[in-house]
Every structure is written in structure tokens, then in C-alpha cells.
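K.L.:
Just so you know, the protein sequences line up as chains A and B, in that order.
Here our numbering is used: position 129 in the first sequence is 149, and no number is missing along the way.
Here our numbering is used: position 96 in the second sequence is 116, and no number is missing along the way.
Because the hints were derived from the structure by calculation, they are not lab data.
Some clues are possibly wrong.
Identical copies carry no separate label here, and so any pair may be met within one copy or between two of them.
Claimed, not checked - Once the Cα atoms are required to be at most 30 Å apart in a straight line, the calculated DSSO-like pairs of lysine-lysine come out as: (1) LYS154 with LYS129; (2) LYS183 with LYS220; (3) LYS70 with LYS43; (4) LYS40 with LYS375.
There are 2 protein chains.
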Amino acid sequence: MHFELTKKFVGQVINIIENKDNKAAITLMEELHAADIAELYDELDIEQAKFLYLLLDAEKAADVIAELEEDDREKFLEALPSDVIAKQFIEEMDSDDAADVLADLPEKKKDEVLSHIDDIEQAGDIVDLMNYDKDTAGGLMAKEFISANINWTVEECIREVRKMSEEVDEIYFLYIIDDNDKLTGIVSIKDLILNQGSTKIYDICNHDVIKTNTEVSAEDVANAMDKYDLVSMPVTDSIGRLVGRITIDDVVDVIREEAEKDYQLASGIVEDIETTDSVIIQTRARLPWLLIGMTGGIVGALIIGYYQNDIIKYVGLALFLPMIAAMAGNVGVQSSAIVVQGLASKSMGVESISKKLLKELFIGLINGIICSAIVLVYNIITADSLALTITVSSALFIVIVFASVFGTFTPLILDKFKIDPALATGPFITTANDIIGVFIYLTIGSIIFGMV
Amino acid sequence: MHFELTKKFVGQVINIIENKDNKAAITLMEELHAADIAELYDELDIEQAKFLYLLLDAEKAADVIAELEEDDREKFLEALPSDVIAKQFIEEMDSDDAADVLADLPEKKKDEVLSHIDDIEQAGDIVDLMNYDKDTAGGLMAKEFISANINWTVEECIREVRKMSEEVDEIYFLYIIDDNDKLTGIVSIKDLILNQGSTKIYDICNHDVIKTNTEVSAEDVANAMDKYDLVSMPVTDSIGRLVGRITIDDVVDVIREEAEKDYQLASGIVEDIETTDSVIIQTRARLPWLLIGMTGGIVGALIIGYYQNDIIKYVGLALFLPMIAAMAGNVGVQSSAIVVQGLASKSMGVESISKKLLKELFIGLINGIICSAIVLVYNIITADSLALTITVSSALFIVIVFASVFGTFTPLILDKFKIDPALATGPFITTANDIIGVFIYLTIGSIIFGMV
Numbered sequence: 021m022h023f024e025l026t027k028k029f030v031g032q033v034i035n036i037i038e039n040k041d042n043k044a045a046i047t048l049m050e051e052l053h054a055a056d057i058a059e060l061y062d063e064l065d066i067e068q069a070k071f072l073y074l075l076l077d078a079e080k081a082a083d084v085i086a087e088l089e090e091d092d093r094e095k096f097l098e099a100l101p102s103d104v105i106a107k108q109f110i111e112e113m114d115s116d117d118a119a120d121v122l123a124d125l126p127e128k129k130k131d132e133v134l135s136h137i138d139d140i141e142q143a144g145d146i147v148d149l150m151n152y153d154k155d156t157a158g159g160l161m162a163k164e165f166i167s168a169n170i171n172w173t174v175e176e177c178i179r180e181v182r183k184m185s186e187e188v189d190e191i192y193f194l195y196i197i198d199d200n201d202k203l204t205g206i207v208s209i210k211d212l213i214l215n216q217g218s219t220k221i222y223d224i225c226n227h228d229v230i231k232t233n234t235e236v237s238a239e240d241v242a243n244a245m246d247k248y249d250l251v252s253m254p255v256t257d258s259i260g261r262l263v264g265r266i267t268i269d270d271v272v273d274v275i276r277e278e279a280e281k282d283y284q285l286a287s288g289i290v291e292d293i294e295t296t297d298s299v300i301i302q303t304r305a306r307l308p309w310l311l312i313g314m315t316g317g318i319v320g321a322l323i324i325g326y327y328q329n330d331i332i333k334y335v336g337l338a339l340f341l342p343m344i345a346a347m348a349g350n351v352g353v354q355s356s357a358i359v360v361q362g363l364a365s366k367s368m369g370v371e372s373i374s375k376k377l378l379k380e381l382f383i384g385l386i387n388g389i390i391c392s393a394i395v396l397v398y399n400i401i402t403a404d405s406l407a408l409t410i411t412v413s414s415a416l417f418i419v420i421v422f423a424s425v426f427g428t429f430t431p432l433i434l435d436k437f438k439i440d441p442a443l444a445t446g447p448f449i450t451t452a453n454d455i456i457g458v459f460i461y462l463t464i465g466s467i468i469f470g471m472v
Numbered sequence: 021m022h023f024e025l026t027k028k029f030v031g032q033v034i035n036i037i038e039n040k041d042n043k044a045a046i047t048l049m050e051e052l053h054a055a056d057i058a059e060l061y062d063e064l065d066i067e068q069a070k071f072l073y074l075l076l077d078a079e080k081a082a083d084v085i086a087e088l089e090e091d092d093r094e095k096f097l098e099a100l101p102s103d104v105i106a107k108q109f110i111e112e113m114d115s116d117d118a119a120d121v122l123a124d125l126p127e128k129k130k131d132e133v134l135s136h137i138d139d140i141e142q143a144g145d146i147v148d149l150m151n152y153d154k155d156t157a158g159g160l161m162a163k164e165f166i167s168a169n170i171n172w173t174v175e176e177c178i179r180e181v182r183k184m185s186e187e188v189d190e191i192y193f194l195y196i197i198d199d200n201d202k203l204t205g206i207v208s209i210k211d212l213i214l215n216q217g218s219t220k221i222y223d224i225c226n227h228d229v230i231k232t233n234t235e236v237s238a239e240d241v242a243n244a245m246d247k248y249d250l251v252s253m254p255v256t257d258s259i260g261r262l263v264g265r266i267t268i269d270d271v272v273d274v275i276r277e278e279a280e281k282d283y284q285l286a287s288g289i290v291e292d293i294e295t296t297d298s299v300i301i302q303t304r305a306r307l308p309w310l311l312i313g314m315t316g317g318i319v320g321a322l323i324i325g326y327y328q329n330d331i332i333k334y335v336g337l338a339l340f341l342p343m344i345a346a347m348a349g350n351v352g353v354q355s356s357a358i359v360v361q362g363l364a365s366k367s368m369g370v371e372s373i374s375k376k377l378l379k380e381l382f383i384g385l386i387n388g389i390i391c392s393a394i395v396l397v398y399n400i401i402t403a404d405s406l407a408l409t410i411t412v413s414s415a416l417f418i419v420i421v422f423a424s425v426f427g428t429f430t431p432l433i434l435d436k437f438k439i440d441p442a443l444a445t446g447p448f449i450t451t452a453n454d455i456i457g458v459f460i461y462l463t464i465g466s467i468i469f470g471m472v
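Extracted from the complex, chain A is given alone in its bound form (with noise of 0.2 Å):
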């Protein structure tokens, strides 16, 4: 379907460099997209991708640019001077690019960077964009779009497009503002297309417009756009003027980031990470959840310690200790991920608080009463303790329920408090979960052993 990049290729590739073959370097570059010679860039060193940078033309550079992870970005642009990334780069990127990759560079070289583009319209724009939270509406809006007058004509628009077409890519709508620049309708070129140029486009345009505000949330936004099954939307600021347009690609970024941040969070994860980013990066990311777990586990070592001479008695106990700390935390951590990610789809329904909670019991009791049964009769076949089979059951069956619970009850709670859910998933839950199972555990066990 489309290009795969082979290990073979890029040996190909580096080949090329090493030979210095500018015709077949060209030749090899206009076959690939931008996309592609973006990926292609994480595979090779600096020098080597400046070679083949310096061979392309200036709006696939461009191209280049806004599609490279962020990272290689700025090690990229570090290497170049302030003129070269202003004429070469920002110069050819749409506005909401250009933001995010000055947002990027040091201050000093981003204020260069600014001084050496020419046209002060373009260079007002982004330094407009720059204001706006990166995960807002704003952040993610680009300033290429086309307006019309609600008073135009068809054939005013299509004027307009044709003189836009150049500054504007990819244009599916024309945004409809009235005499005070606010948005008050849409209407999509195939409209154009259908109606007579004589037509009044108050006439065909959809007054109902589906518009977003500089401030709603980058997420909201997805949600939104995925919901409508929207390409792209009008961002409007706080008194209604049309400011700029999201398009569904950039949405569909957030929406892809969003997804894998919480699925990292899920597993321990502090920072977004890749396999082909350097060991330190990688060690950074994992080590913090586990000092956390390392704490747990000290806790954990003092709850048992504390009840050492029952474990010396009834050393029977110690053989499900891990078995009961592992089953509070894989409930814990289901029942968190599913709040999670009903949290962030929206797909939560009206339903309150406590009547989640009195589900979520409901849950915890089925897979408790199962769980603990199972084991309770795998006890009463191999054990010869019944102190020991009635303690592991019903520790195993409180652990669960409890677990259940408080796994859907911390993500709703952070939620309230507008702390990210995600945070309470994985390590946290299940680390907490832990402690607290393997404290009710012991305590069952001594209550019942004392009692034999």
C-alpha cells in the first residue's frame, strides 16, 4: 500500500550519503513523502540527514520538519542558523507548525528566528499562536483558513478561494463571518460547486455551525470532532470572531497521544518514551513508579514483620502472601482502567458516583465469592490446615471486593478534583492494593490461627 522502511533501505540510504551521490540522493527523495523522509531521519545521524536535508526543495523541507518527532526536531535545528530556519522553514509551513516548532527552540534563537521572516502578517500569526496553551483549542488551531461575508455571493467566494488557494492546502469549507468577523455559518466547496454564482451564500450556508473556542480543552476538541465525525472546525475567540481552524489530522494526533499516555501511565510510564530512545531517557521514564513500588514493598516488609512469630507458628501463611497481594492488585487495576477509559471517551453516562460504586461492589462480590470458592476447594483438597483454608478464602474474598472498590473509587475522586484519573492506574493502584491486601490477609490469618 504504501512505504515500509526496511533495515535494507536504510543501508541503501546510507550508502548514497557516504558516496556522496547528490542525483541518486534527489532522485530517491522525490519518490518519498515527507512522512517517509521523516521516519527515515530517526534512522540516521545529524551529519547524514543534514546531507540529505540540504538537497531537498524548500516546501518538502518544510514538510520534513513539521512531521519529525520533536525531539530529532530540535536537534535538527540547533544545527542550523536562525535565517536558514526562517526562510527555509517557517517561511513554507502553514502558521500552527511554525508555532509549534519555535515554541521549540531556546528563546534567544526562537526571537531570531522571528526577526528574519519577512512577512510581518505571517510572523504576527504565529507569534499570536505561541500565546496559546499547547493543549487548547488554540494551540492546536492553524490561522489558514478562508472567510466569507454572510452578504457574499457564490461567486464572491469562489473569488476568494482562488485568491486563498496558494496560502490554504487542503480547504473542504469556507468559514462565514458577518461585518463583526463572527463566525455565523459554513458552507462547503461542493456547495460552490452546486449552486449559481449569483446565489446568496446566506442562502446555502449551514447557519448551525459546529465550533470550538481558543480556551476548550485539546481533548474536548477530539472528543467533539470524533463525535461529529467532523474534518475540521472553526476555533472562535471568547466574544465569537472566527480565529482559526483545527483540522482532523492534527486531532487525530491528540487523539492517538491521549490514548497512549494513559495506556503508559497504566503501566508505569512517567514520560513519553519509544524503543529507539537512549537507555537514559528510558531509565528516567520507569524508575520513579519503581521507587514507588520498591516503597510499597518496604511497607509491605514491615506490615509482615510486625506479624513475624505468626508466619514462624502458621508458616503456611507465608505461601499465599504473593498470591493475595497480586489478585488485590490486578482487580485494583482493572476496575481503575475501566473508569479511566470511560473517563476519557465519555462514554461514563449520567449514571452518579455512589451508584457506580454500588456496581462496582456488585462485580467485587461475583468475582470474589468465584475466586475465593476455587481456591477455598483447591485448599481443602491439598491443605492440612483448615485455620489456613479459611483464611486464605475469606482474606482472598474481602481483598477483591475491596479492591474493586477502591479501584473505581480513586480515578472518580482525582477526576472530581480535576487530577488526571490516570495517574491513580497501574503502579499506584496496584501498589496500594498490595499493602492493603497483604495487612488484611496477616490480620485475618492471626485472628483465625489465634483462634485454633
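Let chain A serve as the given structure and place chain B on it in line with the hints.
P.N.:
Frame of chain A; chain B shown alone:
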């Protein structure tokens, strides 16, 4: 920005339904987008939903059905006769949605509905689409697209757009075919506006079309559309003839579902469930992994049982059982999550498996050294047994290194054998690592304590 479903609003709607206030209901539904009505349906019982549904105009009713969650839709359609489904839903739907809806119906009802569709061509399209696997490009595509012959002029293309505009809702591109129906180019609606009516399409169309084949997996299509920032992608059959079109809104759903599925598997949930699902469905989705975890716990108990005489002698060994098990699990989940995510987003680069494992070995070594050093210091300060201190730190080190490599290796190997690597994450890795971790710990412990 947009509609948000609240408990209060649902209450008002139920009130309107109970009062059989048709007028209020119609006004309400007119104001809502089909996607919002679908969300609302989720909160109503089947009779309430039917009341609202019967007040909708046909096109909106079809849109609502297409937007409903699969299980809600099934329940809803069960309650309706075949001819109503055919006339009121299927005939108004895009072919891909129609095929999806029909595919979920029981065999007999499916045939009945098909026999009630008057437009033979439409029925044929739907039957064609149902032949494709749901998770391929063929299963994603719709038959609604506009094609134009490579020998046509702009004028002729515009005429075709006019002719087809009723049938095809979202038109951004025309696909250009040769006399054998083979896809050879693409032209945007914008380009039709920008050029003279007499211009040959051959001269203005883009001959380098990014396309896909009916057999390609939905995940690959999604990755390609994301990578190349496409809003739609033409689909060809095995001999290159144009047979369908995939739009970005369907692909966004694929991306979301894939990400959610990987996350759910990692959290030990085997079905796609939501908090709004019933207790039984949620329990069913969660129990399988809990049983695997329990089996792991029993194996762990057997291992500990084998070493129980050591534990009676050196009870300190029991203190760190949960920590070792938990750390083995945490590290394994981290490692496997990074691989699974890299495989899903195709961002693994071209490094060989052995190089990846070597890298992971380094990460494991660093994390292992740091964590075991911290526990070493803790135990030197608090524990009075040197043997325990040495056992815990050396076991923790070995366990972390092992779990890192094992967590990386397992999903990579599954992927090599075309098994979904996401199966390896979460409970499976946790459970396997728990057991192996406990075994390593107790083996080292029995040796070291034996030497004292």
C-alpha cells in the same frame, strides 16, 4: 462548545416521553445532532427510545442508528420489523454503515431486510461490503464516492459532482479512473474551482495517489492515513480497480478502538466494556484474567511451600516476598508496554530484536542496580541479618534484569508469530514474572542462608 448530556437533561426528556408530549419531543430532537441523540438513547429504556425514534425524520433516524453503540443497536433493531429497518434505516444510510448494521443482525432477519430494499444496486453494494472482513480496508470502506474518467474535462467532472451530490454526502476529492476502472489519479474539489471548465483532468490531477487495497488491515490503513494526514483514501481491488473509499471518521474510530483494546488487555480485561455495561458483562470480561492470576498464585504457593522449612528457620525471607513479586511484575509491565505501543504505532525503527534486547538489558541493569542499592542501604540500617540483606538485594537485582528482558522478549516473539503482542502485557507478564521472581528469590535465599 457543544452538547453535554446531564442527568437533569435525561430527566427532562423522560418527563416529556412519559407525558407523551410529541411537540416538545420533536422540538428537542430537531435541536440535537444525531450523535447526541444516540448518546441520549444510551440512557433510555427501549420503549422510551422507540417513542423518540418514531418522531424522527427518516434521514436523522438513520444517522442515529449508525451512531448507536453496537449492543444498543442490536437490541433496538430486534424490536423492529424487517421492512421498517429496510425502508427507514438502510435505504437512508451510507453503504458502509448499512453493511455494519446488517452484519450484526441474525441471518434470517438480515435476508428479510435485504429483500425489502428496493434499489437493487444499493442492496448489491451492501452485500458486496458484507463479504469483507470487518478489520480490513474492505470492511471499512463505503461505496459512496465520485469517480471521473481520466479523459474528462473539469466541466464534465463538475457535472458528475452535481449528479452524485445527493448520494455522496462528504465530497472533497474525485477519484480519477482509466477506461478499465483502474484508479490512476486524484483531484480535489478545490482544483475543479480553480481551473477552467475546458481543462483536461489529466493535466491537473495528481497521478501519485496514496491508495490501499481491500485486503490491507484496518490498523495499517489507520496508520497510513494518520501518517500522511489524509481525510479519505481510495480502495482498489486486487487488479487495481477502484472499489471504495475510506473516510477519516471511520479511521479515527479504529485508532481509538485499537488503543483502547491494548490498554484493556494490559489491564486484564478481555472484552470491550464500559462502566455502563451490566454487572454480568463486566464480570465476564474480568474473570478470565483473575483466574489466570489465581493459578499463578497457586503455583507461587507451591514454590514457597517447597522452601517452607527455610522460611520457618529464617522468617525474614517472608518479609520481602511481596516486594520481589511486585517489582518483577512492575518491571515486566513497563517493558512489555513499551514494545506493544511501539508495535502498534509502527515506531519501532529498524533495530534488530537482539539489539532491542541488549538495550533493555542495559536498562534493566541500571534500574536493578539503583533499586537493589536502595534496599541494601535500607536493610543494612534496619535488618539484623546480613544473609537477608544480601539475599534481598541480589535477588531484586536479578529479578529486575530478568523481568526487563522477559517483558521485552515476549511481545516481540508473539508479534513475530503474528499473535497480538498486547496479549502478553498486563496480567500475563505480571503473573509469569511474579512466579519466576519468587522462585529466584527463594532459591538465592536458601543458598545464602544455607551458607551462613
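K.L.:
Now, for every hint given, state plainly whether the structure supports it.
P.N.:
Against the structure, the hints:
no.	hint	in the structure
1	LYS154 with LYS129	within (20 Å within a copy, 50 Å between copies)
2	LYS183 with LYS220	both (19 Å within a copy, 22 Å between copies)
3	LYS70 with LYS43	within (16 Å within a copy, 68 Å between copies)
4	LYS40 with LYS375	between (68 Å within a copy, 28 Å between copies)
Of the numbered hints listed earlier, not one is contradicted by the structure.
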